[in-house]
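Asks: One-letter residues, chain by chain:
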Amino acid sequence: MSSAIKILLADDDKEDQLILSDAFEQIGITNVVHFVDNGENALRHLEQCYVENALPQLIILDLNMPRMNGTQTLRLAKKDERFKHIPIIIYSTSLNNIEKDECIRLGAHSYIIKPLTFSEYVKSAQYFYNLCSTN
Amino acid sequence: MKEIAKVSLQNEMDLILSHRRSMKLAELAGLSLSAQTTFATAVSEVARDVIDNGINGYLVLGIYTATPQKSVAAYIYDSRTNLSLQAPALQNARKLVNRFQYTGTPEASCIEMYYHLPTVVRQLDQKITEWQEQFNYDAPISPYDEIKRKNEQLQELADRLKASENQYRVLTNALPLIIFTLNRKGSIVYANNWMHTYTGFTPDQINTANWKQVLHPEDYSSFYSLLGDIVTTQAGNLKLQCRIREAHSGSYIWHQVFVAPLQEVHRPDDYFIGYIVDIHAQKEFEQASRDNTELKATQQRLKENELELTQKIHQLNRSNNDLEQFAYIASHDLQEPVRKMIFYSDYFSKQYAHLTDNKGSIYLENMLQASHRMRNLINDLLSYSKIRKEVTSFEQVSLQKAAGIALQDLELTIKEKQAKVTVDVLPVIEGDFSQLTQVFQNIVSNALKYSKEQEPLQLHIYPETDNTGMVHLHFKDNGIGFDTRYLPKMFTLFQRLHGKDEYEGTGFGLAICKKIVDLHNGVIDAVSEPGKGADFIVSLPETQNKKQ
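Those protein sequences? They're chains A and B, same order as listed.
Residue 133 in the working numbering is what sits at position 133 of the first sequence, and the numbering runs on without skipping anything.
Every number in the working numbering is 1000 more than the matching position in the second sequence, counting from 1.
Just so you know, not all the hints are guaranteed correct.
Unchecked claim - Calculated lysine-lysine pairs in the BS3-like style (CA-CA distance at most 27 Å, straight line):
no., chain 1, residue 1, chain 2, residue 2
1, A, Lys14, B, Lys1340
2, B, Lys1340, A, Lys100
3, B, Lys1389, A, Lys100
4, B, Lys1350, A, Lys14
5, B, Lys1532, B, Lys1489
6, A, Lys100, B, Lys1514
7, B, Lys1415, A, Lys123
8, B, Lys1401, A, Lys100
If you are wondering where the hints come from, they were derived from the structure by calculation, not from laboratory data.
It should be emphasised that the depicted structure is a prediction, and the values quoted were computed from it without experimental measurement.
Chain B with its partners taken away, still in its complex shape:
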């Protein structure tokens, strides 16, 4: 049956309403006036009985659309289960309609009455919809009808609301997020099941402890003060990311807490509504992406620093190179005029000595000596600037051979000074032959220079090896020695411990040695005491790392 109108059956007014509506439907359905009256009378008979004797009765009017016989239909419901069909009213009604039927369930009874439609109604379904609208929106038949209608609508709404609330409750309980409402004081009024499932505490327990047991200690104060704010002002939102303790694992998980005042208060106690949702994954992702960004920034900075460093090294190398080039070219070009000065002053003193007096000869001699000193200086500067990484070539060098050549060059001085130089068996190492020969030459010539006047020089050159891959060459003498606190100065350019008049020299010798040893990735050091001889120690690696 397609339902068109509904009337509850409680009092006399309802009976009148039932009759009128039955008439109206029959009229709309195209029944004749007598048929209308007959149908309405049948409905009234049953309705009266239900109003008088029944419980929670109501009438539903509609059209029975099943083929072949379409009818206007009236269903009258009654909560009674012991309804007697023998009642005179029902017997009367039964005679008035085409079909009379009784259905009973354990909860209620229903009397169905059908009155056949006389003709075929075209587009019946569409008509039914129109009739439904007419019954719903037609001007009420009476003030009672109006109140009744409104009451019915209200009841229906309430029922629907209740059903809807139940649905929502089921829904919120099924959700894996905490939903709750708070009263004006900020206490939890309602919370879905998830609050208890997740935190392990009931809303009452949480209220008592003011949320303390569920929030991370570090987040608690900011949460509590924000909650206090919205409770005091009764406005604004609480929006906070904080860690909530999960009862199951005992660990704190990042959540987003949101509390806002309800727009319309539906229940007397609800004032705020809130939810707490797990954002741990998001939080971790944020952290990871932040870490990643920081890492990238650090890498970028590192790259920039590296570039800057490379540029600086490059600049430094270039200026170093420029300096060495300059020193080389300058000293090379300086040599020529100095040589001429020496030549001419020598020539003059020999060929034209008779033209000057004694003083003139002495001055000329001084000039010659000064020129010689300058020549030595330039030569040493040239030697120093020639020792460069670019011209250093490593090969297998017999230190024995290098020492031999150095001593051969110094043979004359050694003989003159009656010095005794002993060389032990020296190893073969990787290095630059001419540079290493120069190291021998400079240290031995130093020893010769700084020997004691009354005691001939005794110089012992011997190697010492250890298992670190280094060869330590000792140059141990019985010379005048020195105070080791001057050691750093001795390896620096132009540093001399003695005045020019005491000992000849430019002060380049040891600086050159240090530069060579540095290029060989070695170390030069000395042990000495004034008057007690010196022991120069040159430590060189047996092999050179090709990458250097």
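One chain only, chain A, in its complex shape:
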């Protein structure tokens, strides 16, 4: 697997981070996901990556996070000329159509409901990886 693939995932839920790591591991991928626990840290990380000329190929955002939530982070990232080209996937528990519509309107690549089973997590991981490879 290419070590050039990089994914930024912002989620305050440590268990979800762990489960998704397991899911990536299941398909043989390690060390490609950088975890942060809120939107502010996500944007800070992006700044740093920009300086190092090593921007991630995919951003995954949870919606409900402290300090800066997913929607705000999405809005700011899509306004920023340096980051607007990076696809952003919203990864949330919320089944709210209004939130979903809002995220798509703000330029999210897709809106994915967090899975209920491990096998679905593995599918998600595969989907994310594939998205990076095609970009």
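Given chain A, put chain B in place with the hints provided.
Replies: What follows is chain B alone, placed relative to chain A:
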């Protein structure tokens, strides 16, 4: 002539008085003793003739102040018109004075005699006043003089009183108010003309009927009992507002009646005096101002009630809002742990199944199902609490499109159940698209759930319009149906007609539909019978009133 003294000429005593007064005036006026005697003699001569032969004679003494020749003057009046100037007494008198003059009118005669004042009297007018006082207040010359004076004063008073009474009578008759006096028994003795003019009845007629014909029937008893009171006690006042019938118009007009005992009784029959005055305008003004006050008070109360209501509505809205916020936040936060429960029990049953026995696996499976039920419940609660007025936005909604999306979401179940759903051409109405889609979804999924086992579901969705501006959407199926007496329960939260084991569900579906329809100012209803299918009818206005 400025009058100083007056003497009536009736008998010998009057003659003496006339002589003495003439002397006195002449003396005061500064005439010499002989002149005094001459003047007094002239007066006496004429006075004697008038006393002897005249009628209602009298003497007036005074000062003639016309320039150039000022004089003491004596005027002797006599009611006779055939007075003879040739009488010896008059001829004698004529020789004694400076000027002698006779004046006659059809009613009376008057002999005027003047005796010139010898010198100029300074400040004559002031002197005359002093002399008048002297004649009026000087000690009487004799007992006769005293009686005579008093008699004269009395007569004058009586005359004045009579004149004054006449004046008052004229005055009271001219007044537009009723003035009357009553005797001790309460009967009218005197009344001014206005009583008759206004009431159309004479005092006698009013006495006979005891006032009954002039007073309003409703006021009569209180008037009559008050009148009875003051007649019985012979004291106190009667003061009453009552309606008096006006003869001219036949209508009753508000009056103030006042009756009080006279302080001093002037005539033998008068005991009470009273008046009746028109206060209709005042009464109407009072009524109007009272009405106005009442109106103001009512308005004030209304305002207070309105304010209270507004506050209550505000409180209610706030608590409603709080509740919805709470439900939304609670269910949102509840979702996360439930999802984890599902995840871990699923993970455990897959990865570590070999570590448990059969019973353990069954329990794990039960736990998973319970977690799923809880997740559904939370989701429905979330959906329910999300339907709020603040997030409802009205636009032109194609019901056809909404139905299409709902059916697409349920496609899998429809195929599984081999159901046949037909949708007629549906209109465009004003509403919230996602909410209306949910109505379609919930009712169709209900129909799928409660279809007969042995017979595939046939659901027909069709509109019905009338001229009231409402669209009635029918969802007619051939399912298991229900007894319509449960209808009110079905639209309430958590109400289920069936046990959990019979049919899956949280009981939120129809409650959500009702909330959405309510927000659209519509009505949801159903017609059904157990075993004979159901027809859910959603009635929605074609347009929404923007003010709501």
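Asks: Now tell me, hint by hint, if it's right for this structure.
Replies: So, going through the hints one by one against the coordinates:
The hinted pair formed by Lys14 of chain A and Lys1340 of chain B meets the criterion: a straight-line CA distance of about 12 Å does not exceed 27 Å. For the hint linking Lys1340 of chain B to Lys100 of chain A, the alpha-carbon distance of about 22 Å falls within 27 Å, and the restraint holds. Restraint check: the Cα-Cα separation between Lys1389 of chain B and Lys100 of chain A comes to about 20 Å, which is no more than 27 Å; the hinted pair holds. Under the criterion of a C-alpha separation no larger than 27 Å, the hint pairing Lys1350 of chain B with Lys14 of chain A is consistent with the structure, at around 22 Å.
Note on Lys1532 of chain B and Lys1489 of chain B: the hinted pairing holds, with a Cα-Cα distance of about 20 Å set against a maximum of 27 Å. A hinted pair counts as satisfied when its Cα atoms are at most 27 Å apart, and Lys100 of chain A with Lys1514 of chain B qualifies at roughly 25 Å. A hinted pair counts as satisfied when its Cα atoms are at most 27 Å apart, and Lys1415 of chain B with Lys123 of chain A qualifies at roughly 26 Å. Of the supplied pair hints, the one linking Lys1401 of chain B and Lys100 of chain A holds, its CA atoms being roughly 19 Å apart against a limit of 27 Å.
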